[in-house]
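Note that the protein sequences, when read in sequence, are chains A and B.
Take any residue in the first sequence, count from 1 to its spot, add 1238: that is its number in my numbering.
Take any residue in the second sequence, count from 1 to its spot, add 2: that is its number in my numbering.
I should point out that these hints are in silico values taken from the structure, not numbers from a laboratory.
Some hints here could point you the wrong way.
[Said to hold, decoys possible] Here are some chain A residues pointing at chain B (derived, C-beta under 7 angstroms):
1. G1299
2. P1316
3. V1424
[As the list claims (entries may be wrong)] Think about it this way: if two alpha-carbon atoms lie no more than 27 angstroms apart in a straight line, the pair counts; the simulated DSS-like pairs of lysine-lysine are:
4. A:K1292 / B:K186
5. A:K1288 / B:K140
6. A:K1292 / A:K1259
As the structure is a computational prediction, the values presented were derived from the model and not from experiment.
All C-beta atoms, glycine included, are put in the ideal place defined by N, C-alpha and C.
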Amino acid sequence: MVQPPALREGKQAMVDREDVKCEQVWREISNYLEGDVDAGLRSAMDEHFKTCQKCKSVLQGTRNVIELYSDERMIEVPVGFGRRLERRLVQGTRVRGTGWSTWSAWLVPVAALVLIAGGVRIASSSTIPHPLQSEHAQPGHHIPPDMLVIVTAGAKDFHAPGCDVIHNKDTERTLTAKEAIQQGYVPCVRCMRKYLETAEVGRTSLEIEADTSLDAEDDGARARR
Amino acid sequence: MAEPNLVLNNPGSDTAREQDVIARVQRGQTDLFYELVRPYERRVYAAALAILRNESDAEDAAQEAMLKALANIRQFRAEARFSTWLIQITVNEALMRRRRERTVVMEGIDDRRDEEGEYTPRDFADWREIPSETLERKEVRQKLADALATLDRKYREVFVLRDMEQLNIQETAEALGISVASVKTRLLRARLMLRDLLAGGWERGWFSRLPFEKGSKPW
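Given the sequences, and given the hints that come with them, work out the whole structure.
This is the structure in structure tokens:
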């Protein structure tokens, strides 16, 4: 007589529960945690864990390992890594750009002239804004409008992805800097420092040079490591 | 080493917006590329480090891989995850560098030996869930990193790509050029070995200041 499928499966599950051994549990525990075992074996293993303290220890220990190592805090990068990567990409982009047609080559000196002229005008202007007393709640300068930034509920700042002072991370939203500014957010004083007025206004060329030399110091620190 | 400061999986990322930026970079706005890769730069570095085991080499490989990603951005297809695509390029770059250094021959002998037989857990002490807050302590993170560093290359690579980089089993197999079955076998061993290694650390007092109940272990 042919048994109904449900009865057949039930019987099989009973057999599995009786048959599963510790060695098989250890062999399958990784697949179990991946959700990659069939229903019968999963059921048998679940029953086994209820009565076998050893395998329960293996299960929980393995689960702890996975959860701890998957935490983002487990990935650390050398100081200045992001800045050096950005710089290399910019350099790479320039190298790739050397293949442009010759008509565009004159754009670079023209752009430089425009920048110089603009700089002279700003430098000679009597409407230079007074340096703000606080870095907070400043609009920022020359923030790339298409740059992707992070905002969170209950905060007024927008951040670069990866900023370490982002709060309420479970409410993160990604949008462009332009949209963030339109919505009333202001640049984070930590990760957006280079765009803030007080970070630039009033600085001498020596200070700017010193800041630039930080890159070289980073490289030196890496070399020492 | 820097203090960690990035959400690994970039939970706030907006896939549609990312796709839009990708499309713009593909059309030539290459200045947007760094903004595109920045959420994943730590994962890219970690992937390279898992293979090369040297910070300086890993950083150089990660940079080179990102340049290659930029050069080949038009080949990226929207149906794939951008982060996975970046990590696969990085793994390729790191593997190529390691082959160039001819270190793989010696490790290959270990590979064959280590896949024989089954791994038997050694420690069966009572367990307790470990709170993630303990990772705030640098010494704990260092102990975890040290344990990972003791694994043989093939176990470490699979573990990092699957459990730290969050690639799935299939993606891990493709990135490393091995079979899905090998990924599963190595992953099992890596996880069990780490569990035992860290249980041993408990005995030596690594986690002695952790707030666990007396007589129980986190592993």
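Each hint, compared with the structure:
no. : hint              : verdict
1   : G1299             : holds (4 angstroms)
2   : P1316             : holds (6 angstroms)
3   : V1424             : violated (18 angstroms)
4   : A:K1292 / B:K186  : holds (22 angstroms)
5   : A:K1288 / B:K140  : violated (35 angstroms)
6   : A:K1292 / A:K1259 : holds (12 angstroms)
Of the numbered hints stated above, those contradicted by the structure are hints 3, 5, listed in ascending order.
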